[in-house]
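Participant: Residue numbers (the working numbering), protein chains in the order written: chain A, 3 to 134; chain B, 0 to 485; chain C, 29 to 472.
Careful, some of the hints might be misleading.
What the hints assert, rightly or not - Subject to a maximum C-alpha distance of 20 Å in a straight line, what follows is the list of computed DMTMM-like cross-link-like pairs (lysine to aspartate or glutamate):
(1) C/K461 x B/D34
(2) C/K204 x B/D318
(3) B/K436 x C/D52
(4) B/K480 x A/E89
(5) C/K41 x B/D444
(6) B/K480 x A/D90
(7) C/K178 x A/D90
Quick caveat, the hints were computed from the structure, so don't treat them as lab data.
Listed below, chain by chain, are the residues.
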Amino acid sequence: MKDINELNLPEDVKYTKDHEWAKADGDTVTIGINDYAQDQLGEIVFVEMPAVGDSFSAEDEFGSVESVKAVSEMYMPISGEIVAINEDLEDAPENVNEDCYQSGWIIKVKASDLSEMDALMDKAAYLEMLKG
Amino acid sequence: MMTQRPGTKGLIFNEPNVWDKSREGRCAISLPKADVKRSPLDPALTGDTPDLPQLSELDVVRHYTRLSQWNFGVDSGMYPLGSCTMKYNPKTNEVQAARQGFAGAHPLAGDECSQGALRLMYDLERSLAEITGFDAVTLQPAAGAHGELTGMLIIHAYHAKQGRQRSKILIPDTAHGTNPASATLCGYKSVNLKSGPKGILEPEAVAAIMDEETAGIMITNPNTLGLFEENIKEICEIVHAKGGLVYGDGANMNAIMGVVKPGKVGIDVLHLNLHKTFSTPHGGGGPGSGPVAVNEKLTPFLPVPRVEKELDTFKFVTDCPDSIGRLHTFYGHFGVMIKAYAYILAMGAQGLLDASRLAVLNANYIKESLKETLNLPYDRPCMHECVFNDAKQQEYHISTMDMAKRLLDYGFHPPTVYFPLVVDGAFMVEPTETESKEDIDQFIDAVKAIAKEAQTDPEKLTSAPVLPKVTRLDEVAAARKPCLRG
Amino acid sequence: MRYLPHTQEDIQKMLAVAGAGSLDDLFKTIPDAVKVKDGLNLPEPMSEWELNDYMEKLASENIACKGYTCLLGAGSYDHYIPAIIPYLVSRSEFATAYTPYQPEVSQGTLQGIYEFQTMVTDLLGMDIATASHYDCGTALAECALIALRKNRKADKIAVSDLVHPSHRQIIDTYLKPTGYEMVLIPHTKDGLTDIATLETMDGIAGVAVQSPNFFGHIEDLAAVKKIADAKKCLFITSFTEALAWGILKNPGSFGADLVAGEGQSLGIAKTFGGPGLGLLAGTSKLMRDLPGRLVGRAKDSNGDDGYVLTLSTREQHIRRERASSNICSNNGLNAMTAAMYLSTIGKVGIREIAQLNHDKAMYLKSALTGAGFEPVFDPPFFNEFVMKAPENFKQKRTDLINRHCLFAGLDLAPYYPELIDHYLFCATEKVSKQQMDQLAKEVA
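So here's chain A without its partners, still in its complex pose (with noise of 0.2 Å):
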């Protein structure tokens, strides 16, 4: 497993402390798993996602990661609408593992209120509570 100053963290993504990353562009939030969370699951073999058109609140569990050993859920860093989920993880779950922030993207939203984006962490506070 990866030590902490390995990650792959972007800077222009935020983070929630179950490990989910969101990336707003618009009002449309693409979301994903980050670096450490697929590191900790190990080789992925499914990803259950939401259909589009669920509405979720923030925080709310909308769909789970699976390796071989574990199954881990996700939780939604903000409120909204699903409008598209990443068809491609059906028959390719090892692009969490591969490129979590751009191939193995999973679920975008349409935003219901941008500003709880503002309430997610930035690389630096998720390090730190990492580092805990």
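Dock chains B and C against chain A, hints included.
Facilitator: Just chains B and C, lined up with the frame of chain A:
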């Protein structure tokens, strides 16, 4: 000096999937003569014949004989799988269960035509009640997890009868993995309870979270660290004081037969695993049997039908208004009950006590013999199993899994690994009482030799096993693209 | 005791290593207050020959003797079991192994169960079959729970009242603490599920119909499927007689989403009702919702073929309180038995045996009709059917048991109180024309 290891060389046969041996027109069954006239069904109702393999009798015999040779069973060698009680499965038990009067018995033949079966069930219930110290027993649950569900349904029904349902259940971190799932099926939320530094529950911790919203607690005793919950009596009192019930997971009963009667120390309901404690074979994953024992307070809630005795005849009774209902199409796994009862009859009171004592002796002997070799997180007298981990091997980048796989090459089935979850990299050894000192010494020697290899020749471990039919399998690829049929 | 290998010398040596003075000393962590004081009160241990005598005595108190004729079905069937089946399945390597958690030394169990899953999917026309459950009733209850979990807006499951009465009771037991409800679909005067009533039911997550049903009749599964689709609920079908699929159109061909079945007919002794074999199959869409174990194909590190337990994240030991079921063990050895049986009878045998069952049942029905029984229902059946008996039959039935060890049908009144004097008969390939003629003669 290393004694001779059981694993050696051998000839392993390849064997394709059974359908690959199929040849049009072969049939391995002797078909009965048609002594009545053919009555074709309406073609609108009939379908294609299932595409089953077509084989001769020898084809079938050879196929399954070869498959069996790729398996490791208790009869092949030591199988110290923690929490599973892989003791010897006496062969006479199989003979008893195969008797025509039992094996041929139809479940709906009627009570008067089934007196032998009913008497056996009744007497087995009484024996299990005596061994566990409870008032009544149901044999209906088909497996341990089914027994757990039964127990939770009983707790749920009890609280409903009191007029106020509760919402939570306490589950210690040393409980069996099935416990939370069983509780969820009854709509209870699991509340995790941490064990103390000695690896057992502390009454203060229970008292701090036990409240009147909590239906009860699920305790495995001895727990999955192989330690006896010394405060069991006090914990039961705390839970009872708040109106809760105590569920006992009796999967580890093999340690305490004739030593402790769970029903006498405050536990309200307990399940047993006949396929662990009472010597019935595990069958590569069942069928098992998970009887549930209860005290007087909970007897009305037992599943139906119940077996009752009137003078010297036996009958099924279904008229029990508070019963949780039925859990099995008929009466449970009767075939397994026969084997367990045969075991109890052959052992007697002294035999069962001796079995527990020797199971505990074997585990403590292993614990003391290996604690310099493997890290022992809780160095206390254990019950029937002991839990090590790989802390000492980590510096050589060797994990519990590597040691487990290397044990296969030495001819031993590995212990349970990565369970219980409270110990990182757990290596959980349950030898059972039926292993002799020589076999256990061989096992100890093998673990020591492997620990040495971890230092000197770690690749032997990371590339293990090399002797079985297959090497380590790619479980990730298997799960990413599941192929569940041929 | 012959199962315990320790000599006195072994015990002393081992105690010394364990740092205990005596065997009792090993239990010093157990407070005295919780220890048993006066031992266990159990019968004196029996020698092996005493055990043989005692068990034979008990077995002979059951009437399942050598010459017995079993015209009972209702979930437990009297089929012929070829000698090789018990012979092979009792091989120690199968019988004394645990769940195949160490796949390298469990390839026998794993390949055997993989082949079992494959043959069950062929038999039922379904995409996926699990590695088995306890029995049909518990498998059906699991199916009901799957439907309720998938369809969160609905809180009811519609179940035909011609589903085996015990299976309905099991569903009831499983649902009681959940707040979900089972609603019964009544049956028509023809002894079939009343599709018209089903059509009026709302808020259902799934519909469960047994075929052949408890009366033996073949249901119109296509009609059930249509309604299930219209109501957007899962179509569950169950069965108790697996050999019916040797000849009847299988559940998959009717578009079943989930199938629960009893596999006892596939080479497993009746043994007073258990252990049998719960079968559970589903569509690939429901793969991750199925409870219980699944075996999948895998490659080893040399690239050779092998098998592993897979998709285990659905299971309780990983998902704990979030698991889809608490199921842990299955009826693995009976699944192996069924695979052996299906390989033995093969494609030719299963059709012939299925046809023979139907032939014998047709003959028995007509023989009983000739003897004064009334055929109350008309729909086609496989090997079970209902007859209304003449008035004096109850006593004659008892006489037949006492004199000939012949069990002539199951009294239906305890299950369907309106069906007084109605009996459910079953004929399998094992019953001879001569036995059926004798029955007809005795009851006429």
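Participant: Determine for every hint whether it applies to the structure shown.
Facilitator: Hint check results:
1. C/K461 x B/D34: holds (6 Å)
2. C/K204 x B/D318: Within the cut-off at roughly 18 Å; holds.
3. B/K436 x C/D52: With a Cα-Cα distance of about 19 Å, the restraint between B/K436 and C/D52 holds, given a limit of 20 Å.
4. B/K480 x A/E89: holds (15 Å)
5. C/K41 x B/D444: holds (17 Å)
6. B/K480 x A/D90: holds (14 Å)
7. C/K178 x A/D90: violated (23 Å)
Taken one by one, the earlier hints fail for this structure only at number 7.
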